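Novice: Residues per chain, in single letters:
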Amino acid sequence: MSFAWAKPYEPKAPIMRWLDERLPLPRLVYGAIGGGYPVPRNLNYWWNFGVLAGIFLVVQIVTGIVLAMWYYSSADGAFNSVEHIMRDVNAGWAIRYAHMNGASFFFIVTYIHIFRGLYYGSYKAPRELVWMLGLVIYLLMMATAFMGYVLPWGQMSYWGAQVITGFFSAFPLVGEPIRVWLLGGYAPDQAALTRFFSLHYLLPFVIAAVVILHIWALHIPGSNNPTGVDVKDEKDTLPFHPFYTAKDGWFAAGFVLLYALFVYFAPNYLGHPDNYIPANPLATPAHIVPEWYFWPFYAILRAFTVDFILPAKLWGVVAMFSSILLLFFLPWLDRSPVRSGSYRPIFKRFFWLLVADVFVLGWCGGAPATPFYVALSQLAAAYYFAHFLIILPLISKFETTLPLPDSISSSRLHGEKKEAAPVGAPAHSTTIAG
Amino acid sequence: MATLEQSAKGSDPAESEGGVRRRDFLNVAAVSFAGVGVVAVALPLIQQMSPPADVLALASTEVDISKIAAGQAIKTVWRKQPVFIRNLTPDEIKAANSVALSELRDPQTLAQRTKPGKANWLITLGVCTHLGCVPLGTGEGENRGPFGGYFCPCHGSAYDTAARIRQGPAPKNLVVPDYDFVSDTTVRIG
Numbered sequence: 001m002s003f004a005w006a007k008p009y010e011p012k013a014p015i016m017r018w019l020d021e022r023l024p025l026p027r028l029v030y031g032a033i034g035g036g037y038p039v040p041r042n043l044n045y046w047w048n049f050g051v052l053a054g055i056f057l058v059v060q061i062v063t064g065i066v067l068a069m070w071y072y073s074s075a076d077g078a079f080n081s082v083e084h085i086m087r088d089v090n091a092g093w094a095i096r097y098a099h100m101n102g103a104s105f106f107f108i109v110t111y112i113h114i115f116r117g118l119y120y121g122s123y124k125a126p127r128e129l130v131w132m133l134g135l136v137i138y139l140l141m142m143a144t145a146f147m148g149y150v151l152p153w154g155q156m157s158y159w160g161a162q163v164i165t166g167f168f169s170a171f172p173l174v175g176e177p178i179r180v181w182l183l184g185g186y187a188p189d190q191a192a193l194t195r196f197f198s199l200h201y202l203l204p205f206v207i208a209a210v211v212i213l214h215i216w217a218l219h220i221p222g223s224n225n226p227t228g229v230d231v232k233d234e235k236d237t238l239p240f241h242p243f244y245t246a247k248d249g250w251f252a253a254g255f256v257l258l259y260a261l262f263v264y265f266a267p268n269y270l271g272h273p274d275n276y277i278p279a280n281p282l283a284t285p286a287h288i289v290p291e292w293y294f295w296p297f298y299a300i301l302r303a304f305t306v307d308f309i310l311p312a313k314l315w316g317v318v319a320m321f322s323s324i325l326l327l328f329f330l331p332w333l334d335r336s337p338v339r340s341g342s343y344r345p346i347f348k349r350f351f352w353l354l355v356a357d358v359f360v361l362g363w364c365g366g367a368p369a370t371p372f373y374v375a376l377s378q379l380a381a382a383y384y385f386a387h388f389l390i391i392l393p394l395i396s397k398f399e400t401t402l403p404l405p406d407s408i409s410s411s412r413l414h415g416e417k418k419e420a421a422p423v424g425a426p427a428h429s430t431t432i433a434g
Numbered sequence: 001m002a003t004l005e006q007s008a009k010g011s012d013p014a015e016s017e018g019g020v021r022r023r024d025f026l027n028v029a030a031v032s033f034a035g036v037g038v039v040a041v042a043l044p045l046i047q048q049m050s051p052p053a054d055v056l057a058l059a060s061t062e063v064d065i066s067k068i069a070a071g072q073a074i075k076t077v078w079r080k081q082p083v084f085i086r087n088l089t090p091d092e093i094k095a096a097n098s099v100a101l102s103e104l105r106d107p108q109t110l111a112q113r114t115k116p117g118k119a120n121w122l123i124t125l126g127v128c129t130h131l132g133c134v135p136l137g138t139g140e141g142e143n144r145g146p147f148g149g150y151f152c153p154c155h156g157s158a159y160d161t162a163a164r165i166r167q168g169p170a171p172k173n174l175v176v177p178d179y180d181f182v183s184d185t186t187v188r189i190g
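One line per chain: the protein sequences are A and B, in this order.
Mind the numbering: the first sequence is residues 1 to 434 in our numbering, read in order.
Mind the numbering: the second sequence is residues 1 to 190 in our numbering, read in order.
Hints in this document: simulated from the structure, not taken from any laboratory.
Keep in mind that the hints are not guaranteed to be accurate.
As the list claims (entries may be wrong) - Partial list, derived from the structure: chain B residues whose beta carbon lies under 10 Å from chain A:
{"hint": "1", "residue": "Arg23"}
{"hint": "2", "residue": "Pro51"}
{"hint": "3", "residue": "Lys80"}
{"hint": "4", "residue": "Gln81"}
{"hint": "5", "residue": "Leu101"}
{"hint": "6", "residue": "Gly126"}
{"hint": "7", "residue": "Gly168"}
{"hint": "8", "residue": "Pro169"}
Just so it is clear, the structure is predicted and the values come from calculations on it, not from any experiment.
Cβ coordinates follow ideal geometry from the N, Cα and C atoms, glycine included.
All chains should be modelled from the sequences, with the hints used to inform the complete structure.
Specialist: This is the structure:
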């Protein structure tokens, strides 16, 4: 694992030596996130979001365990138990708002983390498995978030469950039996609520396990970097601790301020007011929307309105699932040997177009299904698929990339003599002395 | 180990030629046995997810329809799902019968969707066949959509006066559940 110059773990305290000989756990940690893991020295701030995602996973698990101490997963009591947490439980409001907004922030940092990987080609060889494991985490996150949103058993919870399990009924023959099997009834009810709670509690720990695999797979080749050039020697790297622990630490502290701003000053801004109405199986809210982080996919789902061989409903569901499954093939769709978008002038433009496209999809997904938004989401969904299936393969074939630096250090250390000169000394004096 | 295997192979020419050894048979038999065990254990774990007996026990419900005047509709519950019972007006029946079947996405006549002699009683599930929302149109003053039947607010599916899909993403007409008239004023659904 890692590079030849990685510092081996040398326990100094006798107790640590004793432990290391019997269970080398400190050695594992030291090599993974300590001084024994060399990291490219040129990482920019976009590289902080992986650690941040890990932090939000911990926030969600900790606040979630506390909420589960007060929550009842009963169709009669779930809504009231959440209100009880909000009104009567000591600090309950803060913990619940932290959990609600923690989910949104977990998705914000994950989306930034994914787009960072897209821009800098972090999905390319030899990091394909890192990318794919990341997508598995993302899918698990979506399942967890969906089931968590059902638990308060408000109107959006109920109708979200109805609509999302309805996806399965799109499949011919087996679809409806699968839906009934998943719900344990003909409509969302007690059985569905309890099993969603059970799985909502389980999946974060599955995510944590896949996160370990994700990091393990990452540490074989080591982190990518903004130039996309491979690490060549020790000059290109810095030990994770103290350099990146410090950088991640202060950035996380800053980012948590933004999170706190939402938790304390706009706790319901990212939510939907209808979810404060208890679930009513006989009245659908006028405008059902999922949580904001699903909007782009919801737009793709609704973009299909015409039956073409298969029913429109099935097309929508298939397109929505394939918009994510497609990403598993990305390492083989983009064949350009240059990783970083900074050295790919054409790719870079289309990358930002894709970002804009996903924002447009998100905007459409949150809007009501009027003809204008449906037409716009049809265009945007078509572009989304075209980007990955047509544009990327073509770019990687025809693009002339910019010259890459010889190494990470040569791209970063060109001014080191000037920087090493004594303060106030004219810059050229060092060259004379040298 | 290696020397043992080599000597064992040497002792029996049939084994070294890729024939099925007794050890292979034992391996396949042992793994198959364990496989049957895994399936046997998995079955109840999968089965428990299906609707339990109390949910299935709510399979039928009786509804008094004597209070529904022509042009009105009610919402009732069957198997925890909404059911729409509508007393169609003669105009609505005429509108439903005047549509050519070729215009329909899911071709069905009003007669096929009602009981003989009771063509004014339209009984359907109140579950949009798109993604399961409850369409509007039963309550006084609710949006009944461009075809005068039901309108689903979620994704804009519009149903006509026979609750047939006419516009929007839903693939099928609103489902007509199994029901029969116990008397002129009572229906049993399910």
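Novice: Which numbered hints does this structure break?
Specialist: 1, 5
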